[in-house]
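When you get a sec, could you build the whole thing from the sequences and use the hints?
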Amino acid sequence: MQNATMEAPRRRPLGVSIIAVLVAIQGIFFLILGILALVAVIVAANSAGTTVNGYAITGATVSAIAGVLAGIFLVVGLVSLLFAWGLWTLKRWAFWATVIIEIISLINSVLAFTQPHANFWSAAVGMIIPIVILVYFFADANVRAAFRT
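For the sequence shown, the working numbering gives the first residue as 1, with consecutive numbering after it.
Calculated from the structure, these hints are not laboratory results.
Keep in mind that a hint or two might mislead.
[What the hints assert, rightly or not] Listed below are the simulated SDA-like cross-link pairs for lysine to any residue, each with C-alpha atoms no more than 25 Å apart in a straight line:
#1 91 / 29
#2 91 / 135
#3 91 / 103
#4 91 / 11
#5 91 / 25
#6 91 / 30
#7 91 / 142
#8 91 / 113
#9 91 / 48
#10 91 / 40
#11 91 / 139
#12 91 / 53
#13 91 / 13
#14 91 / 22
#15 91 / 141
#16 91 / 35
#17 91 / 121
#18 91 / 140
#19 91 / 105
#20 91 / 38
#21 91 / 14
#22 91 / 117
#23 91 / 41
#24 91 / 146
#25 91 / 12
#26 91 / 110
#27 91 / 46
#28 91 / 54
#29 91 / 131
#30 91 / 75
#31 91 / 101
#32 91 / 149
[Said to hold, decoys possible] Pairwise CB distance ranges (calculated):
#33 120 / 35: 18 to 26 Å
#34 149 / 25: 22 to 30 Å
#35 135 / 51: 30 to 38 Å
#36 125 / 45: 49 to 57 Å
#37 112 / 61: 45 to 53 Å
#38 79 / 149: 19 to 27 Å
#39 129 / 35: 23 to 31 Å
#40 25 / 61: 15 to 23 Å
Ideal placement from N, C-alpha and C gives every residue a C-beta, glycine not left out.
In structure tokens, the structure reads:
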């Protein structure tokens, strides 16, 4: 017997679908980087080392750095895929996670202007994209209704 208080199915707005696909592509990209960094760990562990700017760097050092990067890339890739799934399935937590990530990205871009020799256009675009996403998420009633926020 069906529940009389069933909610109407929600439609995913096109912009949310686009953002979810872009986040999924980002996740796949970071997973590939993580796998390549793991390969670098194996290769570096078997090497004698190298010299950078006159400083000797052992294979173990390169391997450790690549291992840390591999771990970071794999975690970011998996989290990105989780967020993409959350956005695609209209999970409320994915809405708020995206808002938090975009606010952090916006702060990072603003702080980039304070760096010496900052690239103006890179920092400006880095500010525009999070602003557009935040305005879209909060100003579009369809997005708010889809996520029930």
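Hint by hint, here is what the structure shows:
1. 91 / 29: 23 Å, holds
2. 91 / 135: 19 Å, holds
3. 91 / 103: 19 Å, holds
4. 91 / 11: 12 Å, holds
5. 91 / 25: Holds, at about 19 Å.
6. 91 / 30: Given that 25 Å is the threshold and the Cα spacing comes to 23 Å, the pair holds.
7. 91 / 142: Answer holds: residue 91 to residue 142 is near 14 Å, not above 25 Å.
8. 91 / 113: 34 Å, violated
9. 91 / 48: 49 Å, violated
10. 91 / 40: 37 Å, violated
11. 91 / 139: Roughly 18 Å between the alpha carbons, so the hint for residue 91 and residue 139 holds.
12. 91 / 53: 49 Å, violated
13. 91 / 13: Judged against 25 Å, a Cα distance of about 13 Å means the pair holds.
14. 91 / 22: Given that 25 Å is the threshold and the Cα spacing comes to 17 Å, the pair holds.
15. 91 / 141: Roughly 16 Å between the alpha carbons, so the hint for residue 91 and residue 141 holds.
16. 91 / 35: It is violated: about 29 Å lies between the C-alpha atoms, which goes past 25 Å.
17. 91 / 121: 34 Å, violated
18. 91 / 140: Holds, because 17 Å separates the two Cα atoms, which is no more than 25 Å.
19. 91 / 105: 21 Å, holds
20. 91 / 38: Violated. Residue 91 to residue 38 sits at ~32 Å, over the 25 Å cutoff.
21. 91 / 14: Roughly 16 Å between the alpha carbons, so the hint for residue 91 and residue 14 holds.
22. 91 / 117: 40 Å, violated
23. 91 / 41: Violated: residue 91 and residue 41 sit about 37 Å apart, past 25 Å.
24. 91 / 146: Holds: residue 91 and residue 146 sit about 9 Å apart, inside 25 Å.
25. 91 / 12: 11 Å, holds
26. 91 / 110: 29 Å, violated
27. 91 / 46: With Cα atoms ~45 Å apart, residue 91 and residue 46 exceed 25 Å; violated.
28. 91 / 54: 52 Å, violated
29. 91 / 131: 21 Å, holds
30. 91 / 75: OK: residue 91 and residue 75 at ~20 Å, within 25 Å.
31. 91 / 101: 16 Å, holds
32. 91 / 149: OK: residue 91 and residue 149 at ~10 Å, within 25 Å.
33. 120 / 35: 18 to 26 Å: 35 Å, violated
34. 149 / 25: 22 to 30 Å: 25 Å, holds
35. 135 / 51: 30 to 38 Å: 50 Å, violated
36. 125 / 45: 49 to 57 Å: 38 Å, violated
37. 112 / 61: 45 to 53 Å: The hint (45 to 53 Å, Cβ to Cβ) is violated, given that residue 112 and residue 61 are roughly 29 Å apart.
38. 79 / 149: 19 to 27 Å: At roughly 21 Å between Cβ atoms, residue 149 and residue 79 fall inside 19 to 27 Å, so the hint holds.
39. 129 / 35: 23 to 31 Å: About 27 Å separates the Cβ atoms of residue 129 and residue 35, which means 23 to 31 Å holds.
40. 25 / 61: 15 to 23 Å: 32 Å, violated
Going down the numbered hints, you'll see the structure goes against 8, 9, 10, 12, 16, 17, 20, 22, 23, 26, 27, 28, 33, 35, 36, 37, 40, while the others check out.
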